Amino acid sequence: MTPAIELIHIDKRFGAVHANKDVSLSIGQGSIHGIIGENGAGKSTLMSILFGFYAADSGEIKVRGKPIKIKSSSDAIAHGIGMVHQHFMLVDPFTVLENVVLGVEGGALIGPALTKARSELKRLAEEYEMDVEPDAIVGELPVGLQQRVEILKALYKGAEVLILDEPTGVLTPDEADHLFRILGTLRDQGKTVILITHKLREIMAITDHVSVMRRGEVVANLETKNTSVGELAEAMVGRSVLLHVEKSKASPGDVVLEVKNVTWRDRKNIARVDDVSFTVRRGEIVGIAGVSGNGQSELLDCIAGITTPSTGDIIFEGKSIGHLGDPRHLRQEGLAHVPEDRQHRGLITAFDASESAILGWQFEDELGKGFRLNRDLVIANCKKEMQDFDVRPSDPLLRSGKFSGGNQQKIILAREMSSNPDLLIVGQPTRGVDIGAIEFIHKRLIALRDQGKAILLVSVELDEIRSLSDRIIVMFAGRIMGERDANATERDIGLLMAGVQKDAA
Amino acid sequence: MLDIFLSAETLSSTIRMSVPLIFACLAGLWSERSGIVDIGLEGKMLAAAFTAAAAGAYFQSPWIALLLAIGVSILFSLVHGYASINQRGNQVVSGVAINMLAAGLAVVLGNEWFKEGGRTPPLPPEAQFPIFHMPGFDAVQSIPLVGPYINILSGHSVLVYLAFLLVPLTAWALAKTRFGLRLRAVGENPHAVDTAGISVAKLRYQAVIIAGILCGFAGTYLSVALQGSFVRDMSAGRGFMALAALIFANWRAWPSMWACLLFGYLQAVGLRMQGFKIGDVEIPVQFINMLPYVMTVVLLAGFIGKSIPPRASGIPYTKDR
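Chains as they are written, first to last, in this note's numbering: chain U, 10 to 514; chain F, 358 to 678.
Note that these hints are calculated values from the structure, not bench results.
From a predicted model like this one, the values you see are computed outputs, not experimental measurements.
All C-beta atoms, glycine included, are put in the ideal place defined by N, C-alpha and C.
Each hint should be verified, as a subset may be incorrect.
[As the list claims (entries may be wrong)] Computed list of lysine-lysine pairs in DSS-like fashion (alpha-carbon distance at most 25 Å, straight line):
1) K559(F) to K269(U)
2) K559(F) to K131(U)
3) K411(U) to K676(F)
4) K78(U) to K533(F)
5) K80(U) to K533(F)
6) K30(U) to K269(U)
7) K125(U) to K533(F)
8) K676(F) to K30(U)
[As the list claims (entries may be wrong)] Chain U residues, not near chain F, derived (Cβ > 10 Å throughout):
9) E107
10) E114
11) K131
12) D404
13) D479
[What the hints assert, rightly or not] Short, incomplete list of chain F residues facing chain U, as computed with Cβ under 7 Å:
14) I604
15) A606
16) N607
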């Protein structure tokens with residue numbers, strides 16, 4: 010059978026970065042083909058070339074055996090290729106229908122197109138188990154449904170080949186399962202699905218074939234049923250990786266942090282954090298699980314002193330800090346914070362590494378007396394931290410923004426950990442970080458715990474929460490849905506993340 | 358006192374004063390809904406006003422004046438478009454540059470061509486736009502009390518009626534046409550438009566050109582129909598007032614018209630209050646002229662809810678994330 014898509018000797022450079030090196034790939038019709046690789050391995054670039062977003066420097070693309078030129082997204086769409094981007098390409102204030110017809114209005118007036126789309130959506134919804142209210146405003150839909158709109162958009166435009174770029178990052182486990190069911194149905198109806206992901210589990214769960222990319226090259230083409238998670242991970246990183254974090258049992262000590270009935274309301278007076286209470290003890294890692302946007306970020310802000318709770322209190326080392334709203338003071342008291350948003354809050358991308366490495370500590374006397382900042386000391390400090398945390402390249406004068414995600418995170422962790430804090434709060438420690446660095450960061454967090462420090466971990470990666478935490482708290486819609494110990498099953502936590510309490514059971 | 362606020366004359370003047378605001382406000386609406394912030398409405402209006410007055414004086418035809426004014430205004434918008442679409446420059450800076458360029462050029466060229474200190478010669482009646490009388494309105498005038506009020510709808514320059522016709526036309530085009538849909542989309546999320554296989558740059562150029570055409574009308578109305586000649590800086594902040602009206606109206610066509618009518622009314626009242634006395638104290642003209650601007654600030658600061666601009670406005674589009 011002719012493959013649905015053939016990519017032949019695709020090569021692409023962005024300046025000095027060789028994003029795709031002579032990539033050849035063949036994707037069978039009516040199959041689910043996974044493309045897996047670390048961040049920056051060139052997966053997204055390759056798919057953007059296939060979708061006409063970038064032009065390849067050289068190489069050939071064949072669709073169903075015929076060589077074609079794809080100069081823009083409209084060429085790709087015309088050849089039956091559709092893409093669901095990682096960041097949705099939706100117009101938020103538009104209705105579902107308006108989003109679906111955008112680009113295929115069929116005439117100068119949109120009325121007829123909307124009518125046609127309405128009946129077509131109904132058909133697709135029945136065929137693929139994809140119900141969406143056609144007149145809903147897209148921006149008001151939950152992310153899972155927004156993603157469904159993206160898929161419907163592609164199908165409406167006649168996609169035979171559907172590319173999905175990291176589709177599950179924003180979904181609960183349940184929503185992800187539903188998505189996989191939809192993809193399975195699509196395959197059974199003869200459509201071809203290309204799934205880009207860095208999650209090994211997803212590859213194992215639903216793909217038929219898998220290609221592994223590393224540093225711009227395809228290093229392996231495998232049939233999923235003949236491979237294993239270990240083999241794929243090794244192919245991705247180029248060496249064998251420790252997938253499970255090894256840690257001893259926690260021996261929790263005194264309470265370091267106590268969050269008492271904290272509620273935080275936004276400007277519209279909606280409680281984004283709603284009556285949250287928990288404690289964190291010395292020598293334990295408490296993980297907060299939840300789908301992004303369920304109040305975790307706001308809770309972190311309250312504890313770190315970036316904002317203050319509307320009601321309730323936070324006790325740190327026996328002192329009430331809820332009303333302070335003074336991160337600098339808290340830092341000096343021993344509360345270190347690795348913010349969720351690395352690029353905006355963790356460091357200043359335009360600063361060089363040595364400057365980013367002292368943010369929050371720039372007033373300390375050991376970096377220069379009085380108002381003076383001693384540049385030599387700042388650089389020496391950064392050098393030491395870089396060595397300690399294996400930051401590459403270990404150049405204190407390189408701009409912070411030029412480091413890879415993993416190395417940026419290491420710079421921040423080094424800064425926060427070197428102050429020897431009593432409590433470390435960490436938001437999304439490994440978002441956009443490659444496997445090698447994830448392993449390193451996880452080990453350092455465990456080591457800090459074993460020194461008897463308290464750690465509060467917030468992550469949307471359930472695997473990360475489960476492998477690191479000694480206790481797991483699940484947040485949904487600003488509330489704590491439940492607390493579980495480290496042995497809780499994924500299904501159990503997944504249900505809590507979706508807001509389902511297990512009282513009935 | 359009441360006479361100033363509610364007389365038929367004041368209301369009639371309100372209509373006239375609001376027309377340049379409506380043209381300019383709709384110009385801003387088209388541009389900003391596509392994601393291009395247009396601080397340069399003022400400059401384009403002024404350039405058009407000067408061109409129209411100069412061309413009117415030379416050719417003695419309002420239509421040639423209008424065409425040339427629109428041409429010049431489009432030229433200015435293309436400069437803004439090139440800076441903000443192709444070169445991905447800062448749209449506010451580009452707009453401010455256009456305002457300064459227009460203000461300077463009009464005076465220099467006016468002085469050079471007409472030697473009247475930047476003024477243009479007054480236009481004779483032949484160089485004026487035709488006046489449109491509503492059929493049957495002569496009879497209305499004689500109805501007691503309400504007659505004069507109904508009559509304010511009649512007897513304006515044809516451009517006045519065009520301005521008010523453009524409001525429903527704009528609302529309809531944005532909501533119901535393919536172009537309108539794409540234009541709204543590009544102002545909210547250009548990435549979505551690009552991945553749908555539509556050219557972002559082309560759409561934005563079209564929007565910017567529409568803004569140019571509408572500013573051409575605004576300027577022409579100002580110098581030819583309203584004043585009969587060009588005087589330096591005659592746009593007097595109307596471009597900014599139109600922008601304020603646009604924000605006030607939350608970037609929608611019908612509310613834009615109401616906002617412009619309100620600002621037009623304040624200007625009309627301001628004109629009529631010159632020399633107005635409270636007791637023995639004459640209120641300074643400057644104070645009265647200030648009212649529309651103060652009102653704008655007050656309205657924007659407190660009396661309207663949150664207005665949400667098109668999400669992508671002011672942000673140059675690049676493919677890279």
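Quick rundown of the hints versus the structure:
no.	hint	result
1	K559(F) to K269(U)	violated (56 Å)
2	K559(F) to K131(U)	violated (33 Å)
3	K411(U) to K676(F)	holds (19 Å)
4	K78(U) to K533(F)	violated (34 Å)
5	K80(U) to K533(F)	violated (30 Å)
6	K30(U) to K269(U)	violated (54 Å)
7	K125(U) to K533(F)	holds (15 Å)
8	K676(F) to K30(U)	holds (22 Å)
9	E107	violated (6 Å)
10	E114	violated (4 Å)
11	K131	holds (21 Å)
12	D404	holds (24 Å)
13	D479	holds (37 Å)
14	I604	violated (17 Å)
15	A606	violated (16 Å)
16	N607	violated (12 Å)
When held up to the earlier numbered hints, the structure conflicts with 1, 2, 4, 5, 6, 9, 10, 14, 15 and 16 and fits the remainder.
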